[in-house]
Amino acid sequence: MKALLKQKEFSVLAIVIIICVILSFVSPVFLTVGNWMDILEGNTVIGILAIGMTLIIITSDIDVSVAALTTAVAVSIGFMFQYLPDSWFSVVLIFLIAPLIGMLLGAFNGILVSKIQIPAIVVTLGTLNIFSGLVLYFTNGNYINSTQFPQSFMAFSNIEILGIPILIYLFALVAVSTWFILKYTLIGRSVLAIGGNAQSSTRVGINFKKVKMFVFTYMGFLGGVAAIAQTSYTTAVDPNGLMGLELTVIAAVVLGGANIHGGRGSIPGTLLGVLLLAIMQNGMILARIDTFWQNVVTGAIIVIAVSYDEINHRRNQAKLANIDVKEAS
Amino acid sequence: MTNIKLSKESVLGLIALAIFVGLSLFTPGFLSSGNINSMMFQLPEFGLIALGMMVVIITGGIDLSITYIAAFSGVGAALMMTNGFGIFPAIIVGIIFALACGAFNGVVVSKIGVPPILVTLGTMVLFEGVILAITNGNAISGFPDAYSLIGNGYYLGIVPFSLVIFFVFTIITGLLLNKSTWGRRVYMYGSNDLATLFSGVKNSKVLMKVYLYASLLAAVSAIIMTSRYNSVKVDLGSSYLLQSVAAAVLGGTNIHGGYGKVMGTIYAVLIFQFIRNGLNLMGVHSSLVDVVIGAILIAVLTLNFFSDKLSRQKAKAAS
Amino acid sequence: MSDYILEMEHISKTFPGVKALDNVELKVKQGEVHALIGENGAGKSTLIKVLAGVHEADEGGRYLFEGIDADIHRPLDATLKGISIIYQDLSLFPNLSVAENIYIGRDSNKKPWTKINWKSMKELAGKALDELEMDIDLNKRVELLSIAQQQMIEIARALAFDSKLIVMDEPTSSLSSGEVEKLYRVIDKLKERGISVIFISHKLKELFRVSDRFTVLRDGQFVGSYDVEEIDEQQLIKRMVGREVVYENNTQKAAVGEKVFEVKNFSKEGNFKDINLSLYEGEILAVTGLVGSGRTELAQSIFGVNKADEGTLWLNGKDLKINSSEDAVKQGIAYVPEARQTQGLVLEQSIVNNMTLPVIDALRNKLKLIDRKVEKELTEQYIKSLDVRPSMPDLAADKLSGGNQQKVVIGKWLSAQPKLLIIDEPTNGIDIGAKTEIHKLLRRMVKEGIGVIMISSELPEVLSVSDRILVMSRGRIAGELNTLEADQEKVMNLALDTEEPEDKRQPEGAESTVHQEV
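Protein chains in written order, with our numbering: chain A, 1 to 329; chain B, 1 to 319; chain C, 1 to 518.
Bear in mind the hints are in silico, worked out from the structure with no lab data behind them. Please read these numbers as outputs of a predicted model, since none were measured by experiment. Even for Gly, the Cβ is constructed at its ideal location relative to N, Cα and C. Each hint should be verified, as a subset may be incorrect.
As the list claims (entries may be wrong) - Listing some non-contacts, in silico: residues in chain B with all C-beta distances to chain A over 10 angstroms:
| hint | residue |
| --- | --- |
| 1 | 132 |
| 2 | 147 |
| 3 | 178 |
| 4 | 305 |
| 5 | 313 |
Stated by the list, open to error - Some chain B residues near chain A, calculated using beta-carbon distances under 8 angstroms:
| hint | residue |
| --- | --- |
| 6 | 27 |
| 7 | 280 |
| 8 | 281 |
| 9 | 302 |
Take these sequences, add in the hints, and give me the full structure.
This is how it looks when you write it as C-alpha cells:
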C-alpha cells in the first residue's frame, strides 16, 4: 500500500479526483455521463498521440512532429476519400492505409534519429516543417469537408455501442494494446530497459538502434490512427486544426509521470495526464472561466509538475549514493 | 603550418554567398532595390531571436518560450503606449517584461535544475496564456508615429534603422561570447557542467544570465516587430520559434552544447532569408519554403554525419 | 579436454598510444574461484573487457572457452556462451522489476514481438533467488533495493543464465561486513555447483578467504598465477608492486610548522560523520580508505559542491563560510577530482580555456574583456613549469595523455594560487613515469607554502608521498598513522575496520589529536 502511495501515478490520480470533486460542486453538469463521453471523445486524438509519445519519452527522446504527421495523414485520408466508393470496404481500407502512411513518416524520423544519430529534437523540428509545409501546399490551407467523404465513413463515425461512441473504443484499444506491448513483449521491455539504463541494455545485448527505430515508427503508426480519429470526430480535415498540439501531447505525458531523463512512464500514468488536462479544460468551460486563463493554468501546472518531479528525482539519486555510515561505538 | 581547411562558419558563409549570387543571376527582381530593401527589413527581427536561441543552445538547453517572451514584451510596450506613456518608458517596460520571463525560466532551470526543454515548454504555454488573458486574444495597435520609425525608418537614409540595431547586438553578442568571462563560462558549461562546477564556477549564475540575455534579445526583436507592424498580438513572431532553432543548428551550434558561433548563426539566418525571398520571387508556394528549410536542416546534418564517419575511417586507416 | 574452462594466452590490447595489455595470460579451472589482482592501472578491467567481448584483443592471442575457440566479438556472444560479468557499477535496470532484471538478456536474440511469459520468468527468477537463499519480492522495482540486494540480483541473473563462469569486479566495495560474509557463502555455493568465479578485489585479506588461485597483473603484464597454498599476503603484495618497489617509502621527517587548515565536527547524513582533521604547514596529509569510506564525499564537502550538514572549516586563522565551489575557490581552496575526464577537465576545450577557468575574472583588461595575451602567457608559464606535453596551449584537452591531463588540472589550480589543495586519487590511470612527476610536484607545492591533502586508495602511493595518514572507514576517521611508522598492513587494518585484532592496535595511531576526538 505504501508503495502504491509513493507511485507517481497515484499522486496524479489524487489530483484528478480532487479536481473532479471541486468541479462537481461548481457545475452540476460535470459529473453527468454525457459530459464524460464528450470529454473522452474530444480527447481521443490527444490521448492516442500521448500514448505513442510515452514510449518515446521513456527512451528519453522527444518528437515534436506528431501533430504535423497526424495532419499529413489526415489530409491523405481526405484526398483518398475523393476517390473511394461509398462502401464499408473504404473504411476498412482507410484503417489499413492511414496507419501505414503514418508508419512510413515515423520511420523516416526513426532512421534519422537511430542511424544518422541526429538529436531527436532537431530531426522532428525539421520534419515538422516538412510535413506541415507539404500539407499547406497541397491543401492551400483549405478545409476538406464532409461532403466529399463516403457515407460509410460518416456512418462509422456515428456508431455508438452501448451508448458509447466508437472513438472511445478505438482509444481504449490503443491504450490496452500499447500497455500489453510494454508489459508482455520483448520489444516493449526493451523500450523500458533502454530508458532505465542505456549502458546496461547494451551489456545484456539489446539493440539500441532497433528500439529507437521502433518507438518512432510506432509513434507514426499511432499518428495514423489518430488521423482517422480526428477525421471522424470533426468530419472534416482542417490543415491547421492540430497546430501546436504536439506541446499539449508532451505536456500530458509529462504530467502523467514520464520523465525526460528516461525510464519513467506508463500507459495508466499518461492516461491520467491526458485526463487531468481534459477535465481542467472542461471544468473551466463549465465554470465559465475565460478560456484565455486555461493556458495560464495549464502552463503553471506543467512548470510545477516538472519542478516537483525534478526535486524528487534528485533526492532519490542522492539517497542511492549514500554510504552506510558507522554508528558511534 | 598553413591552415587550408576553412572553418565550418566560413563554408557556410560561402554557401550563403553562392545562394545570393545564384539567386541574383537566375531570379529576376532579386537584386532590385525594393527586394533588397524588404530583405533588410525582415532580417533583424528573426536574426535577434536566432542569436538568443543560439546562446541558450550553447549551454545545451533550448528556449521554446522565446517567441512568447517577445510577444509578452511587445504587449507590455504596446499597453504603455496606448495608455499615453512615451516611447522610452514603453520600451523600458517591454524590456522589463521580457527580463521577468527570462528570470523565471532561469530560476527554474538553474536553481531547480529542470531540463530546459520541459521548463520552457511549460512557460511557453504559461506566457501565451498570460498574454491571452491580458489582451483577450485581440491585437493592440495604434502607436505613436515616432515609434514606427524604429522598424520602418532609415539610418542616414539608406540603411534600415532596425538593421543597425541588429548589427549592434550582433557585435555585442559576439563580444560577450568570445571576450567576456561570462561567455567563456557559457561555452565551458555547455561542454561539461560538472567540470565547471568543480572549477569554482557558479553554474546557476551563468545559466541565469543566459536566459536573461536571450529574453533581452527577444525584447529587442519584439520592439522592432511591433514597430514594423504597428500592432501586437499573441502570436507575434511565433513562426520564428522553430526557425530560430533550425538557424542555430544549421549555423553549426551543437544541440548538446559547448559550441556555437555568432557568424555561423548569422550566415544561417541569411541563407534562410535568401531562400525564402528567392523562392517567393520564383512564385513558389510560401508553404513549400518551410519544406525546403526543414529539408536543408536535415540534409546538412545527414551530410555532417557521413563526412564525420568518413574522416573517422580515414583517421583509423592512418593509424 | 583440459580441466581449464577459460584459457587466455598471449593476450595484448593496444589503445592509441597505450599498450594496456602486453602478452597476458589468464587460465581458470572449472569450479575454482580465481582472484585477479593488481594495482590500479595494471590492466585488470581491460582484460575483463576482452573476456566479455567489449574489446577485441590484438591479433595473436589465444582465447579458449571450454576448450574451444571462444569466438566472442560482442557482449551478447559472451553471455550466450555462459560468461557473466558483474560490473562494479552493475548492469541493472532500476525501473524494472526484480524478475525482469534477472531474466532480461536471456532472449535478446529472439524476435522483438516474442511474448513475455511472466509466469515462467518469475519461476526461473524465483528459483535463482532461492538458490541464493534470497527472499526478495519478485515484483519489486530494483531501484528500491539496497546495493547488496542489487548485487545478488546480478548473481541470480548469472545463475538463471546457467553461466559457467562469473566475473565479479570489486563486488564487496560497497557492502557492509555482514553482507560481504553472505556473498562469500554464495560464492562457496557457486563453487559447489561447478561454476567458476573470477574475483577482482583490492582487499587481499578477503581474497585469501575465498580464492583458490591468484593471477597477478602489473603494468599490463602477466606476473604469474599461484595456488593459494603456495603464496602468502606479503609475497602477493611484492608481486603486485614489483620486486623493486616502485616508490620508496617516505623516510624523511617533515619539518612541520603551524596549523594551516582545520576541519571541525564535519558531518553529512549518508556521507560521513564527526570528521575532525588538521593540516600543518610543510606536510602532506593523506586521507585513505576503501571505496565507499566517504573520503571523496568529505573532500567534495570541503570544496562546497556537496554541502555538509554541520561542522566548520578554518583556514589560515579564519573561519570559512563555504556554500559553493565558487566560495571555496575564493577562499583559496582547490580540489582536483578523481574523475579527471568528467569533473576535472572540459575535454573538448583547449588547454588555455581549461587552465584559466578558475582565474578568468582576474585576466580581464580595462574594458572588462578577457586579455588573450595575458591568458596565453600564464598558460605557457604553467605548461613550461609543469612540463605539459605537447606544449600547445590551443590543443583540446582530450588529445593529451592521462598524465598530461592531470598536469593541466593541477596547473589550473596553481594559477589560482590556492592556500589549500585537495587532490583526489592524483595518479589514477597515469603511467609510472608521470606518477613520480606528479608526486614531486605535490612535494614542491608544499615547499611553496600550499597545504596539500592527498586522497588516495593506492597504499604504496600513500606511504611514499605523505607525512601523515588518516584512514577513513564507513564515513568516519578510523585512525591516524605517522607515515614513518606505518605500513600497508596497519593502514589496511584500520580501513577494513575489522573486529579489531586487539594485538594489532597500533599505539602510534592513538597519539593524534584526531583519534581522541573520534
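Going through the hints against the structure:
At roughly 4 angstroms from the closest C-beta of chain A, the C-beta of residue 132 of chain B falls inside 10 angstroms, breaking its exclusion from the interface. No Cβ of chain A approaches the Cβ of residue 147 of chain B within 10 angstroms, the least distance being about 26 angstroms, so the stated non-interface status holds. Annotated as non-interface, residue 178 of chain B keeps its C-beta farther than 10 angstroms from every C-beta of chain A; the closest such distance is 25 angstroms. For residue 305 of chain B, the condition that its CB be more than 10 angstroms from all CB atoms of chain A is violated, with the nearest at approximately 5 angstroms.
Every C-beta of chain A lies more than 10 angstroms from that of residue 313 of chain B, the closest at about 16 angstroms, which supports listing it as non-interface. Interface hint status for residue 27 of chain B: violated, as the beta-carbon distance to the closest one in chain A is roughly 20 angstroms, over 8 angstroms. Against a cut-off of 8 angstroms between C-beta atoms, the interface hint on residue 280 of chain B is violated, since the closest Cβ of chain A lies about 14 angstroms away. This hint is violated: residue 281 of chain B has a C-beta 17 angstroms from the nearest C-beta of chain A, more than the 8 angstroms allowed.
A least Cβ separation of about 5 angstroms between residue 302 of chain B and chain A falls short of the 8 angstroms threshold, and the interface hint therefore holds.
Hints 1, 4, 6, 7, 8 from the list above are not met by this structure, while the remaining hints are.
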